[in-house]
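Make the full structure from the sequences, and use the hints.
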Amino acid sequence: MSDPVLLTGHGLGAVRGERILFRDVSIDAAPGELILLRGVNGSGKTTLLRQLAGLSEPQAGEVERAGLHHWIGHTNGLKAHETPRSHLKHWAQIWGSDADLPAILSDMGMTRPADVPCRMLSAGQKRRTALSRLKVQDRKLWLLDEPFNALDTDGQAHLAEMIETHRAAGGAVIAALHGTAPVSATQEVVL
Amino acid sequence: MSPSPLLSAFRSSLSEAWASGAGVLLPLGFFAGTAALVPFTLGSEAELLSRVGPGILWLALALSSMVTLERVFQADLQDGALDLWLQDAGSISLIAAIKTLTHWLVSGFPLVLLTPLIGFMLGVPPEKMVPAMLGYAMGGLVFFLWGGVAAALSASVARAGLLIALIALPLYVPALIFGVQMVDAGMASPSFLFLCACTLFALGVAPAAMGAALRLAAE
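First to last, the protein sequences are chains G and B. End of the first sequence = 191 in our numbering, gap-free, step of one. End of the second sequence = 1219 in our numbering, gap-free, step of one.
Any given hint could be a false lead.
Claimed, not checked - Partner residues aside, some chain G positions facing chain B, computed with beta carbon under 7 Å:
(1) L55
(2) Q59
(3) G67
(4) N76
(5) G77
(6) H81
(7) H90
(8) I94
(9) S97
(10) F148
Unchecked claim - Negatives, chain B to chain G, calculated, CB over 10 Å:
(11) L1007
(12) T1041
(13) E1047
(14) L1084
(15) L1086
(16) V1112
(17) L1113
(18) M1129
(19) D1184
(20) G1186
(21) T1199
(22) F1201
Treat the hints as calculated values from the structure; they're not laboratory data. Ideal Cβ placement from N, Cα and C applies to all residues, glycine included.
Okay, here's the thing in structure tokens:
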């Protein structure tokens, strides 16, 4: 067996202007873990998560990922003219996945609005569409930025369940989160 | 990298352009409008117009190539799609190139097709029309590629239209020079070869520049 750790971040730091946002943050994500990044607004949760995802270069330290990961940012990545169905089809094609998209849509409670352009969807429906991408391809590591935002109680419970299932299957989740978490973490990183 | 991401990028850019509706026609209208104003400023003397006609069309082409560039990458940055593209390591440059080429196909190539009509209006001699159209097709490609670099560089700037013009216009100069000469000198001239070289250079360098600029924009 090769190294089971899915992501290692070591001595990470970020600077905003002349202020140190955070420094010397180290994270190891092993299979089955749920790591929550906590902190007040502006403490650098998103910045850290983007560094872990490789979207921005860490100003200190280094990040190593064992494989591909899913990214759900605070923007959903949806185009105004796309429908949930066409969005999932688009990314399934890019990732070379043959997942059963109608099943994913129905599982996410998106069957009824599946053919409505995203500009006409509610914030919660857009969030559900973005989260559906997690099921399009099996990737061990999920990086989620405020994933529970905009979801209704039902949606939050469903996402919590998705996270649990993913962990049970040997995946790991790192999520930036404020407020109370509907999931229990194995590790909390407070910024 | 397998071809399927590139195909999907092509398809999504096409549907994006389609969804933006009138956005595709905007450069066409701008092109026709700019060229149609010329007789009013220079006078309607037929001999003068047929002499400056090809040059005027080059100018109109260069300007109208920038009309819709602003949104090409800015939208991707704002709605988070750029982050998703960047996840799948490596070829953001290729994706950016595909997006720009699609953009050229949708709003640049129609300009070429409109050329005979406006050329006729300006009294451009018919025998110059074919080399002119070939030149506009290739020159347009150069304009859209460098314009794409400017658009990628200013993706995070609000109302970037003017900034794009400032960055891109100097880069248009070589293609403009050789393009205008080529219309006069014909396709057997060195100018045509230099225009080809400009196009190839832009095809080779612009995608890498766009990729780097987009990575920076996402930071």
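Results of checking the hints against the structure:
no. : hint  : in the structure
1   : L55   : holds (5 Å)
2   : Q59   : violated (10 Å)
3   : G67   : violated (11 Å)
4   : N76   : holds (6 Å)
5   : G77   : holds (4 Å)
6   : H81   : holds (3 Å)
7   : H90   : holds (6 Å)
8   : I94   : holds (4 Å)
9   : S97   : violated (10 Å)
10  : F148  : violated (17 Å)
11  : L1007 : violated (7 Å)
12  : T1041 : holds (39 Å)
13  : E1047 : holds (49 Å)
14  : L1084 : violated (5 Å)
15  : L1086 : violated (6 Å)
16  : V1112 : holds (27 Å)
17  : L1113 : holds (25 Å)
18  : M1129 : holds (37 Å)
19  : D1184 : holds (44 Å)
20  : G1186 : holds (44 Å)
21  : T1199 : holds (28 Å)
22  : F1201 : holds (29 Å)
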